[in-house]
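Two chains, each in its own frame: build the complex with the hints.
So the sequence lines, in the order shown, correspond to chains A and B. Going by the working numbering, the first sequence opens with residue 1, and the numbers climb by one from there. Going by the working numbering, the second sequence opens with residue 1001, and the numbers climb by one from there.
None of these hints come from the bench; they were simulated from the model. This structure is a prediction, so every number in the text was calculated from the model and none was measured. Just so you know, even glycine gets a beta-carbon here, dropped at the ideal spot from N, CA and C. Certain hints may be false.
As the list claims (entries may be wrong) - Restricting the straight-line Cα-Cα distance to at most 25 angstroms, the calculated cross-link-like pairs of lysine-lysine (DSS-like) are:
1. B:1470 / B:1484
2. A:54 / A:123
3. A:158 / B:1199
4. B:1421 / A:54
5. A:54 / B:1470
6. B:1307 / B:1457
7. B:1484 / A:54
8. A:54 / B:1275
Said to hold, decoys possible - Which chain B residues stay away from chain A? Per the calculated CB distances, all over 12 angstroms, these:
9. 1045
10. 1084
11. 1126
12. 1146
13. 1248
14. 1281
15. 1421
16. 1428
17. 1458
18. 1469
19. 1478
20. 1486
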Amino acid sequence: MGAYVLRRLLATIPVMVVVAVFVFFLLRLAPGDPAAIIAGEDATAEAIAAVRAKLGLDRPVIEQFALWLYGLAQGDLGVSIFSNLPVTRLIAQRLEPTLALTLSTLIVAVCLAIPMGVLAAWKARGLADRLVMAFAVMGFAMPTFLVGYGLIFIFSVKLGWLPVQGYRPIAQGFWPFVETLILPSVALGIAYMALIARITRASMLEVLSEDYIRTANSKGLATGRVLMLHALKNASVPIVTVIGIGIALLISGVVITETVFNIPGLGRLTVDAVLKRDYPIVQGLILVFAGAKVAVNLLIDLSYAALDPRIRY
Amino acid sequence: MTGKPAFLPARWTAAAAIAAGAFVATPAVQAQEKVLRAVMHADVRTLDPFWTTQTIAGIHGMIVYDTLFGNDEDGRAHPQMVGKYTVSEDRKTYDFTLRDGLKFHDGSPVATKDVVASLRRWAARDPVGQRLFSFTDKLEAIDDKSFRLVLKEPYSMVLESLGKSGTSVPIIMREKEALTDPNTQITEVVGSGPFKFAKEQWVPGSKTVYLKNADYVPRPGNEPPSSFAGSKVPKVDRLELVWIADPQTAMSALVNGEIDFYEAPSIDFLPILAKARGVKLMKTGKIDSTFGLIRLNHLHPPFDNVKARQAMYYLVNQEDFLRAIVGDSEYYTVCHALIVCGSALGNDAGSEMMKEYNPKKALQLFKEAGYKGEPITVLQATDHVTITPATQVLVQAMREAGLNVDAQAMDWGSVVSRRAKKEPPAQGGWNIFVTTSGTVGGSNPILHTWIGAACDKGLFGWPCDAEVEKLRSAYGFAHTDEEKMKVARDLQKRAIEQVVYVPFGQWTQPIAYRADRIDGIVPNTGLPVFWNIGKK
Chain A
1 MGAYVLRRLL ATIPVMVVVA VFVFFLLRLA PGDPAAIIAG EDATAEAIAA VRAKLGLDRP
61 VIEQFALWLY GLAQGDLGVS IFSNLPVTRL IAQRLEPTLA LTLSTLIVAV CLAIPMGVLA
121 AWKARGLADR LVMAFAVMGF AMPTFLVGYG LIFIFSVKLG WLPVQGYRPI AQGFWPFVET
181 LILPSVALGI AYMALIARIT RASMLEVLSE DYIRTANSKG LATGRVLMLH ALKNASVPIV
241 TVIGIGIALL ISGVVITETV FNIPGLGRLT VDAVLKRDYP IVQGLILVFA GAKVAVNLLI
301 DLSYAALDPR IRY
Chain B
1001 MTGKPAFLPA RWTAAAAIAA GAFVATPAVQ AQEKVLRAVM HADVRTLDPF WTTQTIAGIH
1061 GMIVYDTLFG NDEDGRAHPQ MVGKYTVSED RKTYDFTLRD GLKFHDGSPV ATKDVVASLR
1121 RWAARDPVGQ RLFSFTDKLE AIDDKSFRLV LKEPYSMVLE SLGKSGTSVP IIMREKEALT
1181 DPNTQITEVV GSGPFKFAKE QWVPGSKTVY LKNADYVPRP GNEPPSSFAG SKVPKVDRLE
1241 LVWIADPQTA MSALVNGEID FYEAPSIDFL PILAKARGVK LMKTGKIDST FGLIRLNHLH
1301 PPFDNVKARQ AMYYLVNQED FLRAIVGDSE YYTVCHALIV CGSALGNDAG SEMMKEYNPK
1361 KALQLFKEAG YKGEPITVLQ ATDHVTITPA TQVLVQAMRE AGLNVDAQAM DWGSVVSRRA
1421 KKEPPAQGGW NIFVTTSGTV GGSNPILHTW IGAACDKGLF GWPCDAEVEK LRSAYGFAHT
1481 DEEKMKVARD LQKRAIEQVV YVPFGQWTQP IAYRADRIDG IVPNTGLPVF WNIGKK
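In isolation and in its complexed conformation, chain B is listed as follows (with noise of 0.2 angstroms):
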């Protein structure tokens, strides 16, 4: 008789057949082949871009999944697996019909099953898609190829949903993994995208590796890429998300040729990455990358109170923060703003009040809204590196105004925890924390969630006023680029008067690359787009 010993568990005898595995069985890469290696700013450890809202996740998802519409860098949807569509004169019924050669990594053609089962997963996680379908009255499939979405009402932003990036974007996967409950993660990653994903060569915090799809068809007619638009080429038969946690160890391998593309160096190594032979550092798009803010907690005092939210404009001087923070002027902007700066709708509207710098009204204003001395709870973040220099800014700042800051050291694993607190802060709860978020999100209204004062519904801090909630709606009724605009400056005006953030900037995150080795970057904001990458 042959087998297993019994008092082995199988799963020990599998892990046992790993680790001997490693030592004997590990496909050495073949020379032949073209191999990108990247380093990220974080690990691949989550498979479900809808499970998850981290960046990381979301570049994983457009690795390896396609979707319907890709969004340009001026955030202008335009067709990705969908072939042509049309939208009925009254701006409800939107008709679309997928493009030809779209096959699954397991051979399966997409159809519209896969896409509706796909949107519906994601709408039930993503405020976006939320919102789309709270306008949406039918979403069906007409046939393999072709299905329909009607609204309730016209709202406009149906296009750029559908092409959204950033993270929980409505990629479209098989309808088997799409029926998953949308709080469970997938296990099975099978897409249509330009790459496929090698599960069996996946080492979770180390290393992801994904092989070219011979198979895919790119759009016809060699659009030009833009962002997520554009014809999507995979030119390396293989392309490795290496995850290297230390920055130095990451920038020396840049340099050493080791890798090919480092999404997020430090910015203190990047005078020594651009003097390095071979290596070139590019700005990601058009606009900064990042935006940092201040959260308030409306549900305690003092910041129940308007007026000493408004006072912690007067306590923000953006060019402290961006110098702690980021330290050279050529990679960030000073950003009276809550709509981005430099976008599409950036605007200065209500912007009065952040541009004064005066510690002395700041104090006159939280003695004007009751302030008496009491600890203010602040969350700071120890282990981020750039969310723990802002958080010692302010602290330093609050501190020199007079007030009364208790600031509690933790990691930013806790602080996220933290945070969902709603208890008052002597009971676990808190006052201020600081955070930094995508500018993608922060240039339109409907996308940027920080903006949002949807009371219980909406983001820690729980901001609560109707007039901003309704202003964001109005967006997705504007057509033309004149009312979107003055939506924006309304909405920006209401939202600062009401303190939702209080921003301290924007700065932008060079990625760094070998110019001798590899070409067709596109500068993108927000995620870094792999296909049309060439190995030279």
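Next up, chain A with everything else stripped away, as it sits in the complex (with noise of 0.2 angstroms):
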């Protein structure tokens, strides 16, 4: 096990390269010039020009890669080219609004879609089936800004009930720290519930045909025991694959949910940053993201092992 995670851990370093050298060819190569972000509305071709020398724009592209290497070697992910404040500190600032509204999501979608599958797969073809599915095609199809502004609507505006936009950090309080995540969780996880849902509820399916499920209840135990304890066991391979593949629509789905709710995480720092040409920033994030990714796999793949014994590395 300790080899094969090193091997993966090692495996990582060339995956990184490449999105690094990915990144910052592509960036350069998209049109748009923050210079002339910088410059504003009534500056003048020279004006732009000086302000794209100062900051080292008009250097030979290979030159700055070089540079931006030579930093990356170093810990340093450069400064941003509008605040002038280190990405580092940037990416640090919005840091615990993603990671909150993340997890907030996942213990949300998981805490509900999972008893959401079994019930469909153990009622299959019956009415809860059918509203779990419908639900879930629903979940599924409606856009998350959607679902966003109609829970606003529905919760901040008519019923006052909850804050429209905006983060509390936890050291603020226990309350107003979970009241500013109950509608954007809700908004991002219906999508994701509704795919847990789903492959739950066929994983079950399979497995509620199994013999062994068969002689579990014909051995007369609790139909509870024999879902939860026999059946989803043997069903969880494929579910937390798919809580896994989740994660990664989760870092798409928070640069959404963090612009219909204002919240200052890391989704919204990529589309302001994109928006802006602001290259480090920019370079930096989709690092992070791409080693996030890299680290949700390792763990996904690891607890195969944990959940079904046959599986070792």
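If you want it as structure tokens, here you go:
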């Protein structure tokens, strides 16, 4: 197991290098010029050229890449072109809201979707199954921003129960922290719940038709025990896989959710940086996202061994 | 031995500390504090108002820094940091004395060395400053509180230039920062204005925080506020400029009472806001806030020919554009002029050509200009609330007239980059782009950069006409209102003939605010003014 983990960790290095090279050159090939944005609406071409020179954007791309790699090797992701603040600081500022939103979404989705999927499989082709599947189809079909606006309209503007937007760190109190996360977590979690519920149902249906489940039932075991202990555990590998894939989906979903609910997280930072062509921030963020994705995949792979004793690395 | 692990770079430990600090050390706003929360049209990303001409940087600058003069809503200059001043009989020597009690936020007194350095840095970047300094013989400190400006010629726009609003405002910073290369952004924000910048609470892309400057001494006499003139009285303890990117969320936040002030609500939401309890809409000043313009590239065919440029006037029905952008006629004005309608110098000289929508005549003029159906490259922004629909209307009108339009869709950031290219359209250049500009600048021939025709030194499109430039300069030496109006008319007539740009109307952007929570808002065309706003 240790050797496997080490091998996987070492394998991330070329992945990250490819990501770094790809992102750097893709950004430089894309149209747009941060110097023109900085210089502003009424700036002359000469003024833009002066800003570009000062930022080092007039240097050959290879030279810029070498400088960036040199900084990266020392853990330096560079400095934002616009705010002049270190990219590491900007990412750190935005980490907590995104982590909080991702985790709360994950908790909401997993805690609701798995029981829903189990219920649907247990009562297959019954009313409960149809309701769960209808929810799954709708949840997957409805765009996150639409769900978000709907929730804001009902629970914030009309009922006044929850805030429309913003984020309160947990240091400002547990309830203020939670109340700013409820609506975004639900909005982001619905599509995710739909995905997990469907996979749980499909996986459970397959397991429930196995002989050992029939044996367990004929032994007179309680239904709950059969479902949760015998069936769900054996159906969990594809479910865990889809949760892992879903975390990647969450990263893209977070961008929209953070915009709709005005949460100052990494998703918003990414969109703003892309629109402003703030190259160092975009490069730093994509490396962070790629690293997170690699780490999640590794954790999912390792969890297989824990869930299914037949799997060994 | 203690200390951080050697393998962890210092910047990462600092970042980790910030991330961890977010969990445990974010200060809660004290309940008794008066906090004004405002959502602006953009986020404060850069702190140096000279380094960029972005409007939001100008707003930030006016909150933190102070100016020597402030222009009122009619564009007339009134002393602000200056206590008294004299002008010599030949109008070439200006003596200024700073008023008492001016202090920077670090406690150091504002001195004339700061003023001189700040004005020099401003003039290195801003066209209005450059023009003023082109007529300046000497700018010198006499003592710590007095300084002198000596002109080579009796330029009439000295005080209005020093009181300029909009972007690149001549704010006064400490000499230490003012000596920074104008092309390099300053890193310390220490002003002497009514609010202090709280850098440690700044989250770019989310929130910018300012704290009341308790040491600020407003102009004596409780002068009534008018635009940037009058006594500045900071009335709230804390001002937060919150950035909410999504207009629907911002509107809901205002309705729900989470914010107090919304600078630029989407026009689509105005009917909802007008009905919302506690919310009021306010027009931003005496004149509309924005005008739209179609810029033609004078360097390449077909618009290197004046007939093709004039043909574009006949393709613009302003109502079509304004309905697409604004919709509600309460908020827009058809304006067949280059100097903003409703402003002191607004006039109709040379406007006949603009009033007729006639695609056939337009096509005829294009043919006379030698146009044979070559593609006309239009930079079509796809993500701008006003420029996108305006460009769509233009492209449609051109196609209906029989022109071969190559509309190249891209985001606004790409348009901004592409429009600086002087190459022919087939080699990455362009023929037409659409943009908007503020009416404060458009009301005055000197501040109105888009009306200029300074060839290579001018703005994108590079119109080139010595007569236009001569008339712009002449405005700087007109001293009476009659002389100014005459120059403005002559300038507009000539600029329309040469087609420096094709206007498509002007409109106002009302602000929305919680009238049940705040008061004291000063209507102001251009930048919002946050001093004098109180929390109920």
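Outcome of the hint check:
Under the criterion of a C-alpha separation no larger than 25 angstroms, the hint pairing residue 1470 of chain B with residue 1484 of chain B is consistent with the structure, at around 14 angstroms. Restraint check: the Cα-Cα separation between residue 54 of chain A and residue 123 of chain A comes to about 67 angstroms, which exceeds 25 angstroms; the hinted pair is violated. Under the criterion of a C-alpha separation no larger than 25 angstroms, the hint pairing residue 158 of chain A with residue 1199 of chain B is inconsistent with the structure, at around 36 angstroms. Restraint check for residue 1421 of chain B and residue 54 of chain A: the C-alpha separation of about 19 angstroms stays at or below 25 angstroms, so the hint holds.
Distance hint between residue 54 of chain A and residue 1470 of chain B is unfulfilled; the C-alpha atoms sit about 33 angstroms from each other, more than 25 angstroms. In summary, the hint linking residue 1307 of chain B to residue 1457 of chain B is supported, as the alpha carbons are separated by about 24 angstroms, within the 25 angstroms threshold. Pair hint residue 1484 of chain B plus residue 54 of chain A does not hold up; C-alpha atoms about 40 angstroms apart against a cutoff of 25 angstroms. For the given pair, residue 54 of chain A sits about 49 angstroms from residue 1275 of chain B by alpha-carbon distance, which is inconsistent with the 25 angstroms threshold.
Distance check for residue 1045 of chain B against chain A: the nearest CB is about 4 angstroms away, which does not clear 12 angstroms, and the non-interface claim fails. At roughly 33 angstroms, the least C-beta separation between residue 1084 of chain B and chain A is larger than 12 angstroms, which holds for a residue marked as non-interface. For residue 1126 of chain B, the non-interface assignment is contradicted: its Cβ lies about 9 angstroms from the closest Cβ of chain A, within the 12 angstroms cut-off. Once the 12 angstroms rule is applied to beta carbons, residue 1146 of chain B is consistent with being away from chain A; the minimum gap is 33 angstroms.
Listed as a non-interface residue, residue 1248 of chain B fails to keep its Cβ farther than 12 angstroms from every Cβ of chain A; the least gap is roughly 6 angstroms. Here residue 1281 of chain B stays apart from chain A, with its beta-carbon at least about 18 angstroms from theirs, past the 12 angstroms limit. With a minimum CB-CB distance of about 9 angstroms to chain A, residue 1421 of chain B fails to clear the 12 angstroms threshold, and the non-interface call is violated. Annotated as non-interface, residue 1428 of chain B brings its C-beta within 12 angstroms of a C-beta of chain A; the closest such distance is 10 angstroms.
Its closest Cβ contact with chain A, about 7 angstroms, brings residue 1458 of chain B to no more than 12 angstroms, contrary to its assignment away from the interface. Listed as a non-interface residue, residue 1469 of chain B keeps its Cβ farther than 12 angstroms from every Cβ of chain A; the least gap is roughly 14 angstroms. The beta carbon of residue 1478 of chain B is kept farther than 12 angstroms from every beta carbon of chain A, the shortest such distance being approximately 23 angstroms. In this structure residue 1486 of chain B is separated from chain A by more than 12 angstroms, as the shortest Cβ-Cβ distance comes to about 26 angstroms.
The structure shown violates the earlier hints numbered 2, 3, 5, 7, 8, 9, 11, 13, 15, 16, 17.
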